[in-house]
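Fit chains X, E, C, P and L to the supplied structure of chain R, relying on the hints for placement.
Number of protein chains: 6
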Amino acid sequence: MATVRLLSDAELSPAAAEVFADIRATRKTPFVNNFWRALAHDPVLLKRTWEGARDVMAPGHLDAKTKELIYVAVSIAHGCEYCVHSHTAAARAKGMTEAELMELVAVVGMAAETNRIATALQVPVDAAFQVVTR
Amino acid sequence: MATVRLLSDAELSPAAAEVFADIRATRKTPFVNNFWRALAHDPVLLKRTWEGARDVMAPGHLDAKTKELIYVAVSIAHGCEYCVHSHTAAARAKGMTEAELMELVAVVGMAAETNRIATALQVPVDAAFQVVTR
Amino acid sequence: MATVRLLSDAELSPAAAEVFADIRATRKTPFVNNFWRALAHDPVLLKRTWEGARDVMAPGHLDAKTKELIYVAVSIAHGCEYCVHSHTAAARAKGMTEAELMELVAVVGMAAETNRIATALQVPVDAAFQVVTR
Amino acid sequence: MATVRLLSDAELSPAAAEVFADIRATRKTPFVNNFWRALAHDPVLLKRTWEGARDVMAPGHLDAKTKELIYVAVSIAHGCEYCVHSHTAAARAKGMTEAELMELVAVVGMAAETNRIATALQVPVDAAFQVVTR
Amino acid sequence: MATVRLLSDAELSPAAAEVFADIRATRKTPFVNNFWRALAHDPVLLKRTWEGARDVMAPGHLDAKTKELIYVAVSIAHGCEYCVHSHTAAARAKGMTEAELMELVAVVGMAAETNRIATALQVPVDAAFQVVTR
Amino acid sequence: MATVRLLSDAELSPAAAEVFADIRATRKTPFVNNFWRALAHDPVLLKRTWEGARDVMAPGHLDAKTKELIYVAVSIAHGCEYCVHSHTAAARAKGMTEAELMELVAVVGMAAETNRIATALQVPVDAAFQVVTR
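Residue numbers (this note's numbering), protein chains in the order written: chain R, 244 to 377; chain X, 244 to 377; chain E, 244 to 377; chain C, 244 to 377; chain P, 244 to 377; chain L, 244 to 377.
Simulated from the structure, these hints should not be mistaken for lab results.
Check the hints yourself; a few may be wrong.
Identical chains blur together in the list; that is why a pair holds if it fits in one copy or across any two.
Here are the simulated DSBU-like pairs of lysine-lysine, each with C-alpha atoms no more than 35 Å apart in a straight line [as the list claims (entries may be wrong)]:
no., residue 1, residue 2
1, K337, K290
2, K290, K271
3, K308, K337
4, K271, K308
5, K290, K308
So that you can see chain R by itself, here it is in the shape it has in the complex (with noise of 0.2 Å):
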């Protein structure tokens, strides 16, 4: 359960309708999921919120299916049931394997063991780390 209702097309204010359009027209897809059905009672939040993250998960530098892989690490790490379901299904439709998928947990997993160990022993950064480049 929601702490706040998820509003249906048919309860949208224009200003969250016109964002909902832009979701569908990006996407391709009548399908708006729950999250923008939740965000959708503030229509500011609802568009930069859906703004930043169309723009950013656009393919770049880095191509669409890397940048769902690290999206779904972090939702991981963060425990974000809902983030992991959403961008776990994202990544498979931009082509992630099921291969990939457990290569993923186990990069993961790993991060996650060394970075506690690293913690509990408070290793000092190296030097040769801290070169920074341009």
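Frame of chain R; chains X, E, C, P and L shown alone:
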């Protein structure tokens, strides 16, 4: 400062020295970073952690650079200073450009924002995301 | 499902019953939520936790609603489902409007995004921020 | 040390310089803190992040000081050192007193404690908390 | 619902079946919990994870029950619902009493509170804590 | 650097001085670490936090060393640098050996790895783990 001393090569047990030799051979460099020098107090933990990291990060279904990007993302989400530095360096060594780093940062930031919003509103997982592939 | 049974009023030890009486008197309602029913297995922990929460959340230099907004924000950042629900309800009971909730959500999301970016780039603290007041 | 160089004013691209000008105009001070100097490598990310932060943190249904208190709380929960310093300073600049800071700290600590206890015992959400307002 | 199907015994690859046999032999029970059934899609990850967990959790300098208490504490701090349930059950199976569980919960809650306070105030590490033993 | 000044003994209010006296008497040492010197700005918060920590960490159903191991584990998972240092020192003072520390680290790392894997795959809790004892 670390919570344990960082061991120099001269202080390694034979079992730890063997792992260091494999680190150097695998990475084709004499440099061994502080993380392993802290772990060297426990050769069994050193060996298991190194072999796990070595195998998981080797190119597989995902290439080595993509794996490092995922590793960096998790390290950021966990707030592990050592890991952010060491794996950002590793990602650069595997070909990540400065423009790609900034895109990674943008994706991690966007994921953090939407993760927290989804948690705040306790958005329920859409039925459409629950279809599990084989 | 909980990892311990939730105790009904009839099952409370005298020490736990005394705490429940104070919860009811302080909140002016017979309703006692599940959190306290789980803690009731350990009357000492129940008493310390309740009295701490009661005193910390009472109006002081900050008013009660502001304190609840902070509580909700932390609960979101920790990914605690129970806490998000119970403290969003508590904040509403203390006067938080739906528009304020959406603004809270926007702030939490923005903070999450810039927190992760600052960590990603390991931005050093500005000297200007290091001046400590008395 | 940062993982990217902090750009001086002289090194800014025209697009980044424009954002810096808006930061200075909005805040009515020539000081631009390190966070933005790190982000300046990517003017698009700089612009989106700054405009998002500027708009979200402006007074709305919640006043500017309350928003900063929420921002500090999230930064503490995320363990972001830079963010704790910069937003504690920002909250003071917006009128937070030392007594209010200590109360904020008490609330964050209390929320952290009860969050972990609720998670430990996997307390189920009370039906009473599930009523969703319009 | 999982993001991958949970494999039944009949669906296991020979390599995964071998790991399941070791799980059953080590634990002296035919029951194999869902975690391993999800991992079974990737026998290499399954084998490495199981063997790591089996070896790390075996009695050593710390006894098996103490190790489980630590495991539960980390799972709570990470907000991992599955892990809290499975390792609370494992700790009980290794002799943890209900009174010990409530004390564990109290310690985790107290640690969470003081952790956040220390982070909030950015308390510098005392020189006295920096002496490193051999 | 802290976000508040660390108070010397000469600067303490009478109420804070009383708490410091109890810290010294309980620990049988004149040394009072920085955490309490930061909290001393708010004698009420200082007193509640100290008394909570003192009582929770006293030997009970779990011995004092085991409680410290749990405390360290949570501090690692939260990424709290101050807490990792201070409680690793405290655990050593209560008898934790270096070999036990390395085992603790191994358990925390393993828990982190499997926690993230369970979250990644959204493994549903087994019915067998849902049986709740009285």
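Problem set entry | Violations among the numbered hints | none
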